[in-house]
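Student: Required output: the full structure, derived from the provided sequences and hints.
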Amino acid sequence: MTEYFLLFLSAAIVNNFVLSRYLGLCIFFGVSKNFHASSSMGLAIISIITMSSMLTWVIEHFILQPLGLYFLRMIVFVVVIAVFVQLLEMVIKKFMPTLYNIWGIYLLLVATNCVILGVPIINSEEHFTFLKSTVNALGSGTGFAIALILFASLREKLQFSDVPKSLEGLGIAFILAGMLALAFQGFSGMIPL
Amino acid sequence: MNLWKEFTKGLIAENPIFRLALSLCPALAVTSNVYNALGMGLTVMFVITCNNISVSTFRNVIHPKVRVPVYIISIATIVTVAMLVLEAFLPVLFKELGIYLSLVVVFAIILARAEVFAAKNKVIPAMVDGLGMGAGFTLGMVTIGGIREIIGNGSFFGYQLLGSWYHPPLIVILAPGGFIVIGFIIGAMNLSEKRKKEKMEKTAAAGGNI
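Chains as they are written, first to last, in our numbering: chain A, 655 to 847; chain B, 303 to 512.
Treat each hint with caution, since some may be false.
Stated by the list, open to error - DSBU-like mimics (lysine-lysine), calculated; alpha carbons at most 30 Å apart, straight line:
{"no.": "1", "chain 1": "A", "residue 1": "Lys786", "chain 2": "B", "residue 2": "Lys397"}
{"no.": "2", "chain 1": "B", "residue 1": "Lys498", "chain 2": "A", "residue 2": "Lys819"}
{"no.": "3", "chain 1": "B", "residue 1": "Lys496", "chain 2": "A", "residue 2": "Lys819"}
{"no.": "4", "chain 1": "B", "residue 1": "Lys501", "chain 2": "A", "residue 2": "Lys819"}
{"no.": "5", "chain 1": "B", "residue 1": "Lys496", "chain 2": "A", "residue 2": "Lys687"}
{"no.": "6", "chain 1": "B", "residue 1": "Lys367", "chain 2": "A", "residue 2": "Lys747"}
{"no.": "7", "chain 1": "A", "residue 1": "Lys819", "chain 2": "B", "residue 2": "Lys499"}
{"no.": "8", "chain 1": "A", "residue 1": "Lys819", "chain 2": "B", "residue 2": "Lys504"}
Since the hints were derived computationally from the structure, they do not count as laboratory data.
Here the structure is a predicted model, which is why all the values come from computation and not from measurement.
Tutor: Here is the structure:
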């Protein structure tokens, strides 16, 4: 039990996806302009990441490895995740229209994204068991959501501050992300792996 | 012909990293030294060029409705080839680049060039466009990598530049430094663009007076 908890904590905070592994930056800078969008995005990421990492684990262990097709995993993962997200979008649109209104559009945005593809690859490189890879995915998604929501709140405050002209927009956003990453750096070494 | 123009537009005017702000993940992740940055840049250049050639060759065969999945499969295949080659011949670099190498598959810049340019142009211009964009990407990566390695480690390409009196701030080659360095580079580019604009307006105004 402790092992799983530590794995979750390590994926969520110590090796935070955005702030220490630099993945998913397009989304991180793209949707963090307002708080509501970023919290819906966080939810979408957590759910898709978990489901797609379960799916790719099953495919890897029951199809690719018995057939000796391990080297094709990149191609298979990309296609499977893209198809899965499309299907999920259709199902939600049909059966849960209210939910679709809240985060439907974000689903397609994340279909081919480095975070979503990154977690299955890490799982397969570390040879995690099914339970471990699910916990890892859940942790990574949560970490991404935490970073995104924190950053969105910081950026809302930033709108009222006086920034040098040439740093406005993306420039100051990067420096702010650097400061946030500096704060997260404090967690490094907390969990010996 | 215009081929030279297609090549040079990727270097500065439409530089993928600084101008289009695409594919930033690798720009931060593997630029803690110049060698890795160069390796990543050349890999991406190879992938963009090959993918542009393949998309442009088959542009009349692919049905527009399924074009994005087809492009993604094409990119994933080329990346797999590149990974196998790197693993066989440059195992150290392969290990350093790690997961970011597999994630070349989802780089926005590669899909964007296929969609915007290669799908509408003949093979040779598409190839040149890929080479130019790849070169621009490499240039951006090496610039960031150079700045970070010089400040954060006092060396360039592994050679010690600054003497032992220099105590490098390690933070520049760690995660937060990457964000901050890119932030300042974007700021500097905005500033230089603004200066250029002002200059042009001034000369235009002077021309009007005459």
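Student: Next, verify each hint and record whether it holds.
Tutor: Structure-based check of all given hints:
no. : hint                : result
1   : Lys786/A x Lys397/B : holds (24 Å)
2   : Lys498/B x Lys819/A : holds (15 Å)
3   : Lys496/B x Lys819/A : holds (10 Å)
4   : Lys501/B x Lys819/A : holds (18 Å)
5   : Lys496/B x Lys687/A : holds (24 Å)
6   : Lys367/B x Lys747/A : holds (20 Å)
7   : Lys819/A x Lys499/B : holds (15 Å)
8   : Lys819/A x Lys504/B : holds (20 Å)
The structure fails none of the hints (numbered hints given earlier).
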